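Participant: Sequence:
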Amino acid sequence: MIVPSPRSRRRARIEIIPLIDVVFFLLATFMMVSLSMIQNRGIAVRLPSAATSSAQERSASASITIAADGEVFFDEERVDADLLDARLEDLKGAHVEPKVFINGDEEARFGQAISVLDQVRAHGIEKVAIETRPVRAEGGF
152 MIVPSPRSRR RARIEIIPLI DVVFFLLATF MMVSLSMIQN RGIAVRLPSA
202 ATSSAQERSA SASITIAADG EVFFDEERVD ADLLDARLED LKGAHVEPKV
252 FINGDEEARF GQAISVLDQV RAHGIEKVAI ETRPVRAEGG F
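Numbering-wise, my numbering puts 285 at position 134 of the sequence shown, and it's gapless, one number per residue.
To be clear, the hints were calculated from the coordinates, so they are not data collected in a lab. Hints should not be assumed to be uniformly reliable.
Claimed, not checked - Label-pair distances were calculated between CB atoms; the ranges are:
no., residue 1, residue 2, range
1, Glu222, Val174, 45 to 51 Å
2, Arg260, Val286, 46 to 52 Å
3, Ala280, Ala219, 28 to 34 Å
4, Asp172, Gly275, 25 to 31 Å
5, Pro169, Ala237, 54 to 60 Å
6, Ile168, Gly275, 51 to 57 Å
7, Ser266, Glu227, 19 to 25 Å
8, Glu166, Asp226, 47 to 53 Å
9, Arg229, Ile168, 55 to 61 Å
10, Glu277, Phe181, 31 to 37 Å
Unchecked claim - The calculated lysine to any residue pairs, modelled on SDA-like cross-linking and capped at a C-alpha distance of 20 Å, are:
no., residue 1, residue 2
11, Lys278, Asp226
12, Lys278, Ala206
13, Lys278, Arg209
14, Lys278, Ala264
15, Lys243, Val230
16, Lys250, Ile276
17, Lys278, Val247
18, Lys278, Thr203
19, Lys278, Asp236
20, Lys243, Glu257
21, Lys278, Ile253
22, Lys278, Asp241
23, Lys278, Gln263
24, Lys250, Ser212
25, Lys250, Arg209
26, Lys250, Ala211
27, Lys278, Leu268
28, Lys278, Gly244
29, Lys250, Phe224
30, Lys250, Ala237
31, Lys278, Glu248
32, Lys278, Gln207
33, Lys250, Ile265
34, Lys250, Ala206
35, Lys250, Thr283
36, Lys243, Asp231
37, Lys278, Ala219
38, Lys243, Ile281
39, Lys250, Glu282
40, Lys250, Arg284
All values reported here derive from a predicted model rather than from experimental measurement. We put the CB at the ideal spot given by N, CA and C, even for glycine.
Make a model of the complete structure from these sequences and hints.
Facilitator: This is the structure:
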């Protein structure tokens with residue numbers, strides 16, 4: 152008489168497909184959270200709107216903000232023209248291809264924005280972007 156063994160002949164298997172699903176879900180979740188954490192490094196201003204704006208990569212970058220009252224800020228620090236030159240030189244020395252994002256209040260003077268743009272270009276920084284906000288869904292400004 153053959154006595155069956157209490158141990159089954161089948162071996163236990165680890166199902167990997169549900170594990171892969173969970174890993175991909177976590178990866179997607181962390182990517183979405185990290186993308187939403189990108190913040191403007193300048194001070195809070197009311198940006199002008201533009202229909203053709205697009206997101207830019209912010210690595211090796213600095214933010215220059217022009218407030219409505221004409222104050223200029225370099226990465227949230229109030230600067231004058233001489234200090235802005237020094238900060239731009241430091242940025243140029245620290246990075247091979249630095250980027251500068253100029254954001255200004257829509258009430259700021261356009262002449263001052265051009266002056267800041269000239270200072271940035273005078274230091275040999277060619278990658279300059281003007282920050283805007285997207286146009287509202289209603290189609291108006």
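Participant: All the hints need checking, so say for each whether the structure fits it.
Facilitator: For each hint, the structure was consulted:
Glu222 and Val174 have their C-beta atoms about 48 Å apart, which keeps the hinted 45 to 51 Å range intact. For Arg260 paired with Val286, a C-beta distance near 23 Å fails the hint of 46 to 52 Å. Range check, Ala280 to Ala219: about 20 Å between beta-carbon atoms, so the 28 to 34 Å window is missed. A hinted range of 25 to 31 Å for the beta carbons of Asp172 and Gly275 is inconsistent with their spacing of about 50 Å.
Checked against the given bound of 54 to 60 Å, the beta carbons of Pro169 and Ala237, roughly 57 Å apart, stay inside it. A hinted range of 51 to 57 Å for the beta carbons of Ile168 and Gly275 is consistent with their spacing of about 54 Å. For the pair Ser266 and Glu227, the beta carbons lie near 20 Å from each other, so the given range of 19 to 25 Å is met. Evaluation of the 47 to 53 Å hint for Glu166 and Asp226 yields a pass: the beta carbon distance comes to about 50 Å.
The hinted range of 55 to 61 Å is satisfied by Arg229 and Ile168, whose Cβ atoms lie roughly 56 Å apart. The given range of 31 to 37 Å is respected by Glu277 and Phe181, whose C-beta atoms sit roughly 34 Å from each other. Between Lys278 and Asp226, the direct Cα distance comes to roughly 17 Å. Compliance with the 20 Å bound is thereby established for this hinted pair. For the hint linking Lys278 to Ala206, the alpha-carbon distance of about 14 Å falls within 20 Å, and the restraint holds.
For the given pair, Lys278 sits about 11 Å from Arg209 by alpha-carbon distance, which is consistent with the 20 Å threshold. Under the criterion of a C-alpha separation no larger than 20 Å, the hint pairing Lys278 with Ala264 is consistent with the structure, at around 16 Å. Taking the CA atoms of Lys243 and Val230, the gap is about 17 Å. The hint holds against a cut of 20 Å. As the CA atoms of Lys250 and Ile276 are separated by approximately 7 Å, the hinted pair is consistent with the 20 Å bound.
Our distance criterion of 20 Å between C-alpha atoms is met by Lys278 and Val247, whose separation comes to about 11 Å. Between the alpha carbons of Lys278 and Thr203 the distance comes to roughly 18 Å, so the proposed pair stays at or under 20 Å and holds. Under the criterion of a C-alpha separation no larger than 20 Å, the hint pairing Lys278 with Asp236 is consistent with the structure, at around 16 Å. Taken as a hint, the Lys243 and Glu257 pair is broken in the structure, with Cα atoms around 28 Å apart against an allowance of 20 Å.
With a C-alpha separation of about 11 Å, the suggested pairing of Lys278 with Ile253 holds against the 20 Å cut-off. Using a Cα cut-off of 20 Å, the hinted pair Lys278 and Asp241 holds, with the two alpha carbons roughly 16 Å apart. Restraint check for Lys278 and Gln263: satisfied, since their Cα atoms lie roughly 19 Å apart, inside the 20 Å limit. Restraint check for Lys250 and Ser212: satisfied, since their Cα atoms lie roughly 4 Å apart, inside the 20 Å limit.
Distance hint between Lys250 and Arg209 is fulfilled; the C-alpha atoms sit about 8 Å from each other, no more than 20 Å. A threshold of 20 Å between alpha carbons decides the hint, and for Lys250 with Ala211 the separation of about 6 Å falls inside it, so the pair holds. This hinted pair checks out: Lys278 and Leu268 have alpha carbons roughly 11 Å apart, not beyond 20 Å. For the given pair, Lys278 sits about 15 Å from Gly244 by alpha-carbon distance, which is consistent with the 20 Å threshold.
Of the supplied pair hints, the one linking Lys250 and Phe224 holds, its CA atoms being roughly 16 Å apart against a limit of 20 Å. For a cut-off of 20 Å, the pair hint linking Lys250 to Ala237 stands: about 16 Å separates their Cα positions. Taken as a hint, the Lys278 and Glu248 pair is honoured in the structure, with Cα atoms around 8 Å apart against an allowance of 20 Å. The suggested pairing of Lys278 with Gln207 holds, with an alpha-carbon distance near 11 Å, which does not exceed 20 Å.
Annotation: proposed proximity of Lys250 to Ile265 holds, straight-line Cα distance about 17 Å (limit 20 Å). Pair hint Lys250 plus Ala206 holds up; C-alpha atoms about 14 Å apart against a cutoff of 20 Å. Of the supplied pair hints, the one linking Lys250 and Thr283 holds, its CA atoms being roughly 16 Å apart against a limit of 20 Å. As the CA atoms of Lys243 and Asp231 are separated by approximately 18 Å, the hinted pair is consistent with the 20 Å bound.
For the proposed pair Lys278 and Ala219, the alpha carbon gap of about 24 Å is over 20 Å, so the pair is violated. Between Lys243 and Ile281, the direct Cα distance comes to roughly 19 Å. Compliance with the 20 Å bound is thereby established for this hinted pair. For the given pair, Lys250 sits about 12 Å from Glu282 by alpha-carbon distance, which is consistent with the 20 Å threshold. Pair hint Lys250 plus Arg284 holds up; C-alpha atoms about 19 Å apart against a cutoff of 20 Å.
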